[in-house]
Amino acid sequence: MILSRVILKLIISGSIIGILALVFFSGQKSTAYYPVPLLKSTCPPGFKLNANNECIAKNLYNQYAVTNKAGVGGLKSALPEIRDGFSPQEIDLGRYLFFDPALSADQTISCATCHDPTKGLGDGLATSRGKDGLRLKRAAPSLYNVGYLKKLFWDGRASTLEEQMLEPLFSMQEMGNTPENLLKTINDIENYRKLFTEAYPNRNKAAPIALEEITNAITAFQSSLISLNSKYDQYAHGYDEALNKNEIEGLNVFRSFVARCAECHTPPLFTNQQFAVIGTPETDGLPLDPGAEIPFKDKSLRGAFKVPSLRNIAQTPPYMHSGRFKTLRETVQFYTDGRGHAIPEGENLLIHWHIWEPNLTDYELDRLVDFLKTLTDESFKPKVPEALPSGLKIST
Amino acid sequence: MNKKSPFIKIITSILLIGVGIFIGKSFFGPKSVETVPIPSTMKYRNIGLSNDTTQVASSQEFTGNIIEVKNGSSIQKAVKEANPGDLIRVYPGTYSENVYIDKDNISLQGVVINGDWPTLDGKKEINDAFLYSGNGILIENFKIINYKGNGVMGQAGNNFIIRNNWIIDTGVYGIFPQYGKNGLIEHNVLSKIADAAIYVGMCDNVDVLHNEVFDNVAGIEIENSRHCLVENNYAHNNTGGLLAFVTPGLPIKTTFDVILRNNFVVNNNHENFGAPGSTVSGIPSGTGILIMAADDVIVENNIITGNNNTGITIVDLATGDPKANDPNSEGNPDRVVILDNIMFNNGNDPTGEIKTIMLTQLDSKGPDIFAYGGGTGSTIRDKNRYRTFGLDNYGIAQITDTKDIPTMMTPSPVPPRSVSKEELGELTYYGVCAGCHAFGTRLIGPPTDIIQAIHNDNPQGIVDYITNPKNLREDYPEMPPQNYLSEEAKMAVAKYILALKN
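Protein chains in written order, with this note's numbering: chain A, 9 to 404; chain B, 17 to 518.
In case anyone wonders, no lab produced these hints; they're calculated from the structure. It cannot be assumed that every hint is accurate.
As the list claims (entries may be wrong) - Here are a few chain B residues that face chain A, going by a calculated C-beta distance under 10 Å:
| id | residue |
| --- | --- |
| 1 | F78 |
| 2 | E141 |
| 3 | L147 |
| 4 | G170 |
| 5 | T263 |
As the list claims (entries may be wrong) - Taking CB as the label site, the calculated pair distances span:
| id | chain 1 | residue 1 | chain 2 | residue 2 | range |
| --- | --- | --- | --- | --- | --- |
| 6 | B | P493 | A | L46 | 48 to 58 Å |
| 7 | A | S49 | B | D491 | 18 to 28 Å |
| 8 | B | G393 | A | E338 | 46 to 56 Å |
| 9 | A | Q341 | B | N81 | 38 to 48 Å |
| 10 | A | K192 | B | P431 | 53 to 63 Å |
From the three backbone atoms N, C-alpha and C, an ideal C-beta is built for every residue, glycine too.
Use the sequences and the hints to build the structure in full.
Given below as structure tokens:
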């Protein structure tokens with residue numbers, strides 16, 4: 009027994025040393041002239057590499073039959089279609105770009121500034137800070153599971169991640185860049201030229217890096233941010249013990265037709281990806297945010313926002329589009345305080361029919377919060393790069 | 017010998033007492049319930065058999081254990097113990113609880129004895145009586161009263177049967193399957209529901225048969241659902257009797273292929289007590305049948321009488337529900353087909369817009385059939401026999417009846433997605449394990465190839481380890497137990513890991 013243990017230990021430590029040596033020496037080879045490692049050739053967790061060098065999403069929800077394209081239902085329901093099929097190299101290049109403040113005009117803001125992995129891929133602020141600390145209008149949403157979403161921004165004005173990211177990149181209030189300046193910056197960084205060649209092996213090596221290549225890589229990375237292994241998911245897949253009594257009571261309040269949370273925050277993504285006018289109050293002194301009324305030029309959408317996913321909700325306070333509610337308890341309280349109770353005077357919003365007066369008890373509200381906390385899973389949290397191709401310091 | 021021996025006396029009196037007990041028991045004692053029939057499960061016709069036969073080719077068999085629940089005990093406790101295939105029998109008594117069923121193939125059967133029903137009483141404190149998310153759920157023979165949300169609510173869950181229930185004042189809905197495919201709702205009696213008594217929402221292939229719905233805001237509502245048959249129901253004294261419509265703003269956008277056949281839609285004149293803001297709160301009292309934005313609805317052989325506003329109202333969304341706006345919901349009712357129906361005595365006391373519109377026609381009565389707004393391709397078999405408004409564009413129906421369509425349910429049960437063991441192993445590996453383990457590199461736990469070396473040819477070793485991990489190495493953090501995975505998934509992933517090449 010002891011002998012076999014010793015042999016086992018030897019084998020294990022031997023192979024660990026071997027692998028470490030391999031990693032070390034392969035790293036050594038490039039460090040001489042290259043400060044960042046080669047792009048990963050393996051997919052991030054939650055994805056399987058296929059024969060075409062594409063990362064395909066794999067998770068336990070693939071066990072369930074697709075009964076509707078919207079990807080809505082109950083506990084054992086299939087997810088909507090995800091953006092997948094990116095190569096590991098595209099995803100890894102996107103990761104570098106995502107964390108690199110070189111993308112902003114003054115080289116201080118990266119995507120991760122507002123979508124920080126230590127803050128549930130949000131920023132923990134009521135509304136985000138832009139260029140020169142400027143206070144922006146709305147809260148940064150978590151990016152977990154964003155690859156499943158068909159509408160982006162609180163007001164749903166973008167339908168692809170590529171389209172969406174152009175706004176923060178080139179908004180003078182946010183990252184403050186211009187397409188010309190961004191392309192010049194990235195093309196001037198030798199590391200990026202090499203990495204883009206690696207990520208896009210078929211590209212014309214003489215051609216400058218194009219905006220579409222940048223947005224494609226960032227999209228690839230963002231689509232790889234998966235959170236589907238919460239305590240709730242364990243329960244959904246059939247493990248009764250995953251949730252305690254209070255949490256199950258909370259789940260039953262959540263899906264009952266009294267509270268009606270699950271009617272819009274529908275499993276398994278906890279959003280039905282529709283617009284809803286629920287009439288939350290703005291932060292003191294701010295005028296009503298007209299929401300989707302503006303991009304869709306539709307009065308009936310005044311004050312409408314996209315139903316956000318509730319996954320990792322406990323990690324991303326404060327809540328609502330302008331971060332009005334600091335805690336989950338305050339947030340769930342809003343829904344029982346009466347239909348339209350917070351609508352400013354003179355406004356006539358078409359409040360969603362599911363917003364009513366459920367008269368939830370304090371006990372039920374507490375249980376709802378218990379349940380919402382079971383939607384936390386950051387086991388696939390992305391790794392922050394140790395060094396950036398631009399040589400800039402990581403700013404989150 | 018004329019004197020009976022004491023021995024015989026004793027025997028006789030014992031016999032007499034025995035007979036007395038027997039007679040007493042049979043007259044006054046509790047009835048024997050040994051003969052409760054096993055619930056009949058779904059029956060399927062053979063594909064290929066002609067439609068005019070009722071021959072049953074396959075019926076889903078009832079398997080599993082019987083768990084009995086008696087007064088004073090908890091139905092939920094029985095559900096917790098139950099395994100797929102089990103039947104839970106609930107005996108008369110009052111059960112004030114919320115029963116949730118997150119398992120597949122569980123049957124719940126109330127046992128009614130001598131007129132005593134097993135009763136779920138929400139006391140206006142509990143939200144829902146039954147919530148289910150599993151497939152193959154059967155719920156029958158329950159009396160359900162005084163809940164705040166629903167009598168029976170399903171979220172997903174295919175192949176459901178909800179039958180023979182007596183539901184009074186259970187809040188918003190009585191029976192509400194949502195996101196389900198292939199279901200049967202029959203022989204239920206529902207009253208005093210503040211929205212729809214039977215609400216088929218975002219479902220496919222559902223039959224709603226032989227129910228009585230009365231004193232509700234809406235009797236039977238088919239909403240954002242396809243392939244539904246509403247037949248032989250008695251809808252009376254609701255605000256609106258039968259509804260087929262599209263609600264905008266939901267993730268499933270369409271309603272089509274609905275047959276409303278052989279129903280009694282009578283005197284639906286109840287005042288509207290729907291919650292402010294709800295879609296049904298806009299339904300005018302006196303509405304027999306309402307078709308809003310739904311396509312390919314066939315109305316056949318119904319008796320539609322005494323509905324004070326209209327017998328049948330057919331409107332587009334812009335007219336019927338002008339508040340909500342959803343560019344992805346097409347708002348016109350197209351290709352509605354009205355076949356033979358018995359209609360008289362409707363429209364005696366029209367209200368609202370219909371009253372105004374009819375007054376422009378110099379008519380103080382509402383019509384049998386009222387159509388307003390967009391929509392194309394609608395037809396009617398014999399327009400002359402009804403008092404109609406807005407049917408000028410209706411052509412003559414191309415069909416005479418729907419007798420070729422005995423059911424909208426699917427010809428065989430909706431199968432669960434079948435996942436091979438290898439695929440389950442793959443999904444578990446990439447979906448769960450890959451957060452900490454990768455081939456050839458260390459993430460958080462040991463690389464997958466090292467796990468292979470340790471557990472070479474021994475999947476059970478991996479299963480044992482992940483069920484109850486022991487921290488064997490100081491240089492790695494302790495692994496959390498993966499005991500939430502099913503035994504099947506654990507073995508599948510263990511084999512998958514051992515077979516992985518890179």
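Now for the hints, and whether the structure bears them out:
1. F78: 22 Å, violated
2. E141: B/E141 check passes; min Cβ-Cβ to chain A is 9 Å, inside 10 Å.
3. L147: This interface hint holds because 6 Å falls under the 10 Å limit.
4. G170: 8 Å, holds
5. T263: 8 Å, holds
6. B/P493 x A/L46: 48 to 58 Å: 27 Å, violated
7. A/S49 x B/D491: 18 to 28 Å: 25 Å, holds
8. B/G393 x A/E338: 46 to 56 Å: For B/G393 and A/E338 the Cβ distance comes to about 51 Å; the hint holds.
9. A/Q341 x B/N81: 38 to 48 Å: 44 Å, holds
10. A/K192 x B/P431: 53 to 63 Å: For B/P431 against A/K192, whose Cβ atoms are near 57 Å apart, the range 53 to 63 Å holds.
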